[in-house]
Amino acid sequence: QLQLQESGPGLVKPSETLSLTCTVSGGSLTTNHYYWAWIRQPPGKGLEWIATMYKTGTTDYSPSLKSRVTVSLDTSKDQLSLRLRSVTAADTAIYFCAGGPWQQPDYWGQGTLVIVST
Amino acid sequence: QAGLTQPPSVSEALRQTATLTCIGNNDDVGNGGAAWLQQHQGHPPKLLSYRNNNRPSGISERISASRSGNTASLTITGLQPEDEADYYCSAWDNSLNVWVFGGGTKLIVL
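Note that the protein sequences, when read in sequence, are chains A and B.
Quick note on the numbering used here: the first sequence kicks off at 450 and runs consecutively.
Quick note on the numbering used here: the second sequence kicks off at 271 and runs consecutively.
I should point out that these hints are in silico values taken from the structure, not numbers from a laboratory.
Note that the structure is predicted; figures quoted are calculated from it, not measured.
We put the CB at the ideal spot given by N, CA and C, even for glycine.
Be aware that one or more of the hints could be misleading.
Simulated crosslink set (PhoX-like; lysine-lysine; CA at most 25 angstroms straight-line) [stated by the list, open to error]: (1) A/504 x B/316; (2) A/515 x A/494; (3) A/462 x A/515; (4) A/494 x B/376; (5) A/494 x B/316.
Covered by chain A, per the in silico footprint, the following chain B stretches (three or more residues, Cβ under 8 angstroms) [what the hints assert, rightly or not]: (6) 314 to 323; (7) 357 to 363; (8) 366 to 376.
Same shape as in the complex, but just chain A (with noise of 0.2 angstroms):
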């Protein structure tokens, strides 16, 4: 059974940059045809979308946060990761990475809040 698991920093102060890692076991990121997400959820809202990777490192983005956003995938040691420069008070969310088939988002991980504050 896969699964994923968020770790990072859980404060991060404004203008720094927020970094996340999220290890996959169970499974393999080259699995073919999953693809891995990155998605947020600010506390008490909805859910947004950061960017989707494949393992070929094909990769899309959420145009409102691409020119702040960098990820990666480590397929040696099966970790997805998450670069947000720049962070504001608005970048605080609970932070989760997901993966599976296009656009069928079977395996998520437990999610890690991260805090924007000084």
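Following the hints, put chain B in place on chain A, whose structure we already have.
Just chain B now, with coordinates in the frame of chain A:
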């Protein structure tokens, strides 16, 4: 990018049937269909259906989904207390190449 439109809340009695709606456009729901996710407070989302009416393994048969034009629907029959949760629809916008979500519907089981 514009998101999908969902009613903020739906209330329905125990053991009755609830239908949740999700309105998109020709490029997202109308193109490739929608997926539905359930989220209980404090938990990650859980996939209930994808590409309109495909249920992942382990999802109750009380749950079904459909699409008519640019509107996707999720129907839950025989409502149980554990069905009370937030429900999100999502779809890929084939024109903008973005993954869009609805704002979510809180299902209240009376």
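Okay, the hints, checked on the actual structure:
1. Our distance criterion of 25 angstroms between C-alpha atoms is met by residue 504 of chain A and residue 316 of chain B, whose separation comes to about 23 angstroms.
2. This hinted pair checks out: residue 515 of chain A and residue 494 of chain A have alpha carbons roughly 21 angstroms apart, not beyond 25 angstroms.
3. Pair hint residue 462 of chain A plus residue 515 of chain A holds up; C-alpha atoms about 20 angstroms apart against a cutoff of 25 angstroms.
4. This hinted pair checks out: residue 494 of chain A and residue 376 of chain B have alpha carbons roughly 11 angstroms apart, not beyond 25 angstroms.
5. Distance hint between residue 494 of chain A and residue 316 of chain B is fulfilled; the C-alpha atoms sit about 16 angstroms from each other, no more than 25 angstroms.
6. By the rule of at least three residues with a Cβ nearer than 8 angstroms to a Cβ of chain A, the coverage given for the stretch 314 to 323 of chain B holds, with 6 such residues.
7. With a cut-off of 8 angstroms between beta carbons, the stretch 357 to 363 of chain B has 4 residues touching chain A; three or more are needed, and the interface restraint holds.
8. Remark: the stretch 366 to 376 of chain B is confirmed as covered by chain A, as 9 of its residues place a Cβ nearer than 8 angstroms to a Cβ of that chain, reaching the required three.
Checked against the numbered hints above, the structure violates none of them.
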